[in-house]
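Participant: Here the protein sequences line up with chains A and B, keeping their order. For the record, in the first sequence the residue sitting at position 22 is 749 according to my numbering, with numbers rising by one throughout. For the record, in the second sequence the residue sitting at position 151 is 1196 according to my numbering, with numbers rising by one throughout.
Hints were generated in silico from the structure; no laboratory data involved. Cβ coordinates follow ideal geometry from the N, Cα and C atoms, glycine included. Among the hints, a few may not be true.
[Claimed, not checked] Here are the simulated lysine-lysine pairs, DSSO-like style, with alpha carbons at most 27 Å apart: (1) B:K1099 x A:K891; (2) A:K868 x A:K891; (3) B:K1099 x A:K868.
[What the hints assert, rightly or not] Cβ-to-Cβ under 10 Å is the rule here; a few derived chain A residues that face chain B: (4) G743; (5) H774; (6) L811; (7) I898.
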Amino acid sequence: MTPAVVTPPAGGDWAGVFAQFLLLSLLSIGGAISTVPEMHRYLVDQHHWLSNEQFSAMVAIAQAAPGPNLLFVAVLGWGIGGALGMLVTMIGILVPSTTLTLAAARWGEARRHTRGVQAFVTGLAPLTVGLVLSSGFVLGKPAYGNPWLLATMVATVVVCVRWKVSPLWLIALGGLVGGLVT
Amino acid sequence: MTPPAQPLAPDAAALPAADESPGTLPAAAAGAVATIEDAGAPSVLDDDSPRTPKSPGEIFHVFTRLALQGFGGVLPIVQHELVERERWLTREQFLELLAVAQVLPGPNVVNLSLMFGDRAFGWRGGLAALGGMLLAPLGVVLALTVAYARYAQHPVVAGVLRGMGAVAAGLIMATGIKLLPALRRNVLGPTLAFAFAAAMFACIALLRVPLAWMLGGLGVVGYVLAWRRLAP
């Protein structure tokens, strides 16, 4: 596992990265985590700017830190191109959704009782659940070849579904397991 | 740390707040939807709100404080700080804001902060809330990232991060699994709702179809079907 990127984006790629994150901002129905599979497809599969392991490690770092989970975008941006990468990805992911939020909030929430908005919320709910499951699957990629990591992932799922535990403890425990056996 | 809401209504198959803490998320989503049905809820920052923020600076300060406490999900902390500690919002007002924040694209806590600040002091308030929510945690997360880049080649550090990554994947997977039962009450009907979720997983996770195609295709189909079934 190398600390640097697999191949960093060249100068001309940044417009494309920015456009991609602008689009992702509008597609982040149900939150930032539902865009994880698409970010992985773009950054790892398509452009090879990050490896599977780097991608998962970066999301894990953001999950272990305080603050909104959205900050994993800043970590990924930093990972592909330092401060410039962070600015491009964060501005990209924030501007469309915040603009839309402000506009919609002022437009009046009265409309959220309407059939159109209700249809939007319930009609897209199954897709969002599918997206959240996809995010978990994609982030688990580095674990599938290693029985210890796979067991850690499965145990996390079981514990979280059955009991209410602070994610921070589980992440710390996972770090311990990873440090000792892999 | 208490979840912001218990499900108030049985019909709770709404958009999950997927960017937030796996543990508290379904309850939050359910509660938020319940308020959608509750048409008589008071609007945010009405006179019955016990206190109001004094300045954008105070908003920035409070949002920085609450963001730094939010390990593994900020939403419960936002609820605690704004409703119980600062008393800037009533519980109903909080749920109302959350319901709107969830319908819009983008992370629900970020949308909620923005709307709260905007109601209080216009765009300056929105910016103060957003900045408070993001800037200090960004500093923390970047310090961790720089440390990671520096020590990632160390075998123990690499192992620790692999373990943390596996847990992060499991946490998100568990969130998705916990949201599945809510689909039984979806307006599309359980069979169709589960089929849509499965199709989304197969296309996005396994076949790696671009998200825009899926939302433009399956998303539109879901919307139209829900629209028809919601006919009065």
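Participant: Hint by hint, say whether it matches the structure.
Facilitator: Hints, one by one, checked against the model:
1. B:K1099 x A:K891: Roughly 37 Å between the alpha carbons, so the hint for K1099 of chain B and K891 of chain A is violated.
2. A:K868 x A:K891: At roughly 25 Å apart (the allowed maximum being 27 Å), K891 of chain A and K868 of chain A satisfy the hint.
3. B:K1099 x A:K868: Given pair K1099 of chain B, K868 of chain A is violated - Cα atoms ~48 Å apart, limit 27 Å.
4. G743: violated, 14 Å
5. H774: violated, 13 Å
6. L811: violated, 13 Å
7. I898: OK, holds: I898 of chain A within 10 Å of chain B, min 5 Å.
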